[in-house]
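> Got chain R sorted already, so can you dock chain Z onto it with the hints?
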Amino acid sequence: MSYIIDRRLNDKRKSTVNRQRFLRRYRKHIREAVNDAVNRRSIQDMEQGERINIPRKDLSEPIFHHGLGGQRSIVHPGNKEFHQGDRILRPEGGGGQGAGDGQASNQGEGEDGFAFEIDKQEFLNFLFEDLELPNLVKRHLEGAQTFQTKHGGIVSQGMPAKINIVRSMRQASMRRRALTAATRRRIRDFKAEREELLQQDQSPQRQARLQELEDQITKLERRLERIPFLDTVDLRFNHHVKVPVPVSRAVMFCIMDVSGSMNQDMKDLAKRFFLLLYLFLQRNYEKIEVVFIRHHTSAKEVDEEEFFYSRETGGTIVSSALKLTRDIINERYPVAEWNIYAAQASDGDNWNDDSPACAKLIEEELLPKLQYFTYVEVMPRAHQALWDHYQNIMAKHPAAFSMAQIDEPGEIYPVFRHLFKKRMEDA
Amino acid sequence: MSFLSQGSDWDFELLARYDEAIADIAHNKYGLDTYPNQIEVISSEQMMDAYSSVGMPVGYNHWSFGKQFVEVEGRYRRGQMGLAYEIVINSDPCIAYLMEENSIAMQALVIAHASYGHNSFFKNNYLFKTWTDASSIIDYLVFARNYIAECEMRHGVTAVEETLDSCHALMNYGVDRYKRPSPISAVEEKRRQREREESLQKQVSELWRTFPQLQPATQRREEDGTFPAEPQENLLYFIEKNAPLLKPWQREIIRIVRKMAQYFYPQRQTKVMNEGWACLWHYTLLNDLYDRGQVTDGFMLEFLQNHSQVIYQPPFTAPFYSGMNPYALGFNMFQDIRRICEKPDDEDREWFPEIAGSNWVETVKFAMESFKDESFIQQFLSPRLIRYFKFFQIDDDDRNDYVEVGAIHNEQGYRKVRDALAEQYNLSIQEPNIQIVRANVHGDRALTLRHQRSSGRPLDDDSTREVLRHLHRLWQFDVHLESVENGSVVSRHSMPPEPPPAVPS
Chain R
1 MSYIIDRRLN
11 DKRKSTVNRQ
21 RFLRRYRKHI
31 REAVNDAVNR
41 RSIQDMEQGE
51 RINIPRKDLS
61 EPIFHHGLGG
71 QRSIVHPGNK
81 EFHQGDRILR
91 PEGGGGQGAG
101 DGQASNQGEG
111 EDGFAFEIDK
121 QEFLNFLFED
131 LELPNLVKRH
141 LEGAQTFQTK
151 HGGIVSQGMP
161 AKINIVRSMR
171 QASMRRRALT
181 AATRRRIRDF
191 KAEREELLQQ
201 DQSPQRQARL
211 QELEDQITKL
221 ERRLERIPFL
231 DTVDLRFNHH
241 VKVPVPVSRA
251 VMFCIMDVSG
261 SMNQDMKDLA
271 KRFFLLLYLF
281 LQRNYEKIEV
291 VFIRHHTSAK
301 EVDEEEFFYS
311 RETGGTIVSS
321 ALKLTRDIIN
331 ERYPVAEWNI
341 YAAQASDGDN
351 WNDDSPACAK
361 LIEEELLPKL
371 QYFTYVEVMP
381 RAHQALWDHY
391 QNIMAKHPAA
401 FSMAQIDEPG
411 EIYPVFRHLF
421 KKRMEDA
Chain Z
1 MSFLSQGSDW
11 DFELLARYDE
21 AIADIAHNKY
31 GLDTYPNQIE
41 VISSEQMMDA
51 YSSVGMPVGY
61 NHWSFGKQFV
71 EVEGRYRRGQ
81 MGLAYEIVIN
91 SDPCIAYLME
101 ENSIAMQALV
111 IAHASYGHNS
121 FFKNNYLFKT
131 WTDASSIIDY
141 LVFARNYIAE
151 CEMRHGVTAV
161 EETLDSCHAL
171 MNYGVDRYKR
181 PSPISAVEEK
191 RRQREREESL
201 QKQVSELWRT
211 FPQLQPATQR
221 REEDGTFPAE
231 PQENLLYFIE
241 KNAPLLKPWQ
251 REIIRIVRKM
261 AQYFYPQRQT
271 KVMNEGWACL
281 WHYTLLNDLY
291 DRGQVTDGFM
301 LEFLQNHSQV
311 IYQPPFTAPF
321 YSGMNPYALG
331 FNMFQDIRRI
341 CEKPDDEDRE
351 WFPEIAGSNW
361 VETVKFAMES
371 FKDESFIQQF
381 LSPRLIRYFK
391 FFQIDDDDRN
401 DYVEVGAIHN
411 EQGYRKVRDA
421 LAEQYNLSIQ
431 EPNIQIVRAN
441 VHGDRALTLR
451 HQRSSGRPLD
461 DDSTREVLRH
471 LHRLWQFDVH
481 LESVENGSVV
491 SRHSMPPEPP
501 PAVPS
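Residue numbers (my numbering), protein chains in the order written: chain R, 1 to 427; chain Z, 1 to 505.
Excised from the complex, chain R in its bound form (with noise of 0.2 Å):
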């Protein structure tokens, strides 16, 4: 007797767990990998798989076995040319073995290790692995200002647009048989008598038995009638319950100085840095916006192609562009609803007296506003004024302010890595 079953549509995946153990035990094999495939790989094709290679040895699962040595006798099949008695000299360096079992063994270690793909979404975990948004926690607990209306159960009490009907039936009819029980147990028993009477020959006293338990029937029965088939105790209504949702969208701001003094390449870098963040919240919320602010003299949001590609000339005012940031916030962003991060890039140029008014602003208007505020520069060569200015600011309010030097492509990553470390003493 044979059960022929189809199991096609059962569970595909089962081995997902052992792979994940699998890629947790090696995590410092695939982030060495990651890391050299990020510093190798152009931004725009950040997201996709990796080939990650371990050497054999260091997967090894021991057991006790044999080693080389030692007086052995081995079977092969294939015999062409050979004789009891004739002697093979040891091939060079092919260690103690058979001719057949040598090469084999030396092919195995021959090979230079364990090679596997990871998918794109493993790539970028482990891209992002140990990295924290600053201050994330914080907004998830407080942000509580949406609810969703969820079913909380069943209650007594409510409008009728919500009573539930089979809960209520199910109530009445409980109560009509818990109410009725004993009263019907009594006629029931009234009518045996009856019918037993019945049976037997009349006589003045069974009739006037008779009489009075049809009369005890009759008042019982009315009784029965008189109990509700629905009251209004047994009515029940659904019941919803608002549950807080926690927010979880951001908004970035993209801040890039375009004027004069900022080259293509160094655009380019400010970019990569951008995507990064981007791809980084990307993971870290449901929803992203990102909002493009670029400035010169004067500050203007735009669209992302004008944003890396247009170029502009003149002098540099960088407050103009946190102005523009903050109105915006104040307009479209309610600090209660959005996680609010912004990323600033300049080669570090600025009229001289505009900076203090640079950190004035960030550090009023717009840290209490924001999660967190990065600022690159991409230039090497002697800091200006608004560098320091801002370094007060990083030393003032370290957990929402963080600044960096980036010179050239190779760089971005690790600085990114640091700016955005997973705070221990902050969790």
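The set of hints was computed from the structure by calculation and includes no laboratory data.
Note that the structure is a prediction, hence the values are computed from the model and not measured.
Note that beta-carbon positions come from the ideal geometry of N, C-alpha and C, so glycine has one too.
Please note that a few of the clues may not be correct.
[To be verified] Across the chosen pairs, the derived CB separations fall in these ranges:
#	chain 1	residue 1	chain 2	residue 2	range
1	Z	Phe12	R	Gln84	41 to 49 Å
2	Z	Pro497	R	Pro368	41 to 49 Å
3	R	Asn125	Z	Asp33	50 to 58 Å
4	R	Ala336	Z	Gly156	36 to 44 Å
5	Z	Ser455	R	Arg87	39 to 47 Å
[Stated by the list, open to error] Anything over 12 Å on all C-beta distances counts as not near chain R; from chain Z, calculated:
#	residue
6	Gln305
7	Asp346
8	Ala356
Chain Z only, in chain R's frame:
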């Protein structure tokens, strides 16, 4: 009779008809004794899953299975490897997997091979009868999986993983080779597990008690006696029962790995026979179907092409040669037994007087039931097969700078080749012989193992060190391993490593 089907497509009704036809021949013509079959159709992805969990339908989670999966998946995706046509599980009912991509000829081949060949082997071979309990294995696997998942929740994934790693390293030494194990059952396991936890801990505490004797009346072990009284071959069992500091859940995990080792132990000893038997029957059964006119010529051609690939033995000079193909050796040996029974020649009558001319079905069944690879080859490898495979035997001695051909496929060589080949399938020779000889209960609690070295074959240094590290993790006190040959210690490993002996200046 008419054809069961034309063309290569299959559907469930057709599978049932083929299964019925094959079962009819297997049971009624040849009297094969099988468990009921449960044939499951799965996709190639599911086949990869089954593959990487060593063919168990339910397995506990461990990174090593993930590693296997990643490797199988990678090689399959790159097209370097086809998937196995079948996986079959020693359970009652006997579960066999069919891959949906296969044609009906392949499905019929797999049904005959797995559901009637392997199935009857599992049910009747003496090793499987002694060591495994097909009716309870699935339940036990479920128990093991849940227990380990629960441990992970209570004690953390890392702690459980470390314990499992260590157990896996010693898995091959978690088997009683000579004692019949008690049957396993999930219900029983669960009921007894807590009980065991408590009593085991008590027992261990007693063994390692350091306080002076409180009640003089209680008999304790002889102070000067060594412990254990006899060398212990089942390392995992000894550790489970006697390691001083293990927690109850760790002991239970050791037990689970031991039970797995025990379940797989017969399979490791019967690769040639098991595959040979299954090949013999898929070959015989499908040929019978053809003789009855139930399958087409095209069906047979496809089947035979696959069959000959499976039982191909490359010569040792082939670049892809990797030792004996158990399918080839096993199939040819069973076919050869049939030939000896049906058409014996003088040589056969001389070598196999008891079976020459006997009923072949009875004889192959007897061979299947009563042997393991080593004794099977020893008993049934005929000179004709040695000539067919052109076997030759090499003596390899590291004291010489050459290897010597000890025997070839000729009159003087047959017995030597046969002995040497049988030896190659003897686990107790292929695996180092290692036993626990002493646990220093009164002193530093050090554990001493003895490796009985033979023919000067040393242990592999690197892996031995790693395994000892795992053993040390379980035992948690010093572990020593002495290699002994001809009564004297030839080498010694310790964990933690001992400093080299001080040289007197």
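> Please go over all the hints and tell whether each is borne out by the structure.
Here is what the structure says about each hint:
1. For the pair Phe12 (chain Z) and Gln84 (chain R), the supplied restraint of 41 to 49 Å is violated, since their beta-carbon distance comes to about 58 Å.
2. Between Pro497 (chain Z) and Pro368 (chain R) the Cβ separation comes to about 60 Å, which falls outside the hinted range of 41 to 49 Å.
3. Remark: the range hint 50 to 58 Å for Asn125 (chain R) to Asp33 (chain Z) is upheld by a beta-carbon distance near 53 Å.
4. Taking the beta carbon of each, Ala336 (chain R) and Gly156 (chain Z) are about 38 Å apart, inside 36 to 44 Å as hinted.
5. Taking 39 to 47 Å as the suggested C-beta distance range, the pair Ser455 (chain Z) and Arg87 (chain R) does not conform, at roughly 19 Å.
6. At roughly 22 Å from the closest C-beta of chain R, the C-beta of Gln305 (chain Z) stays outside 12 Å, upholding its exclusion from the interface.
7. For Asp346 (chain Z), the condition that its CB be more than 12 Å from all CB atoms of chain R holds, with the nearest at approximately 24 Å.
8. Distance check for Ala356 (chain Z) against chain R: the nearest CB is about 25 Å away, which clears 12 Å, and the non-interface claim stands.
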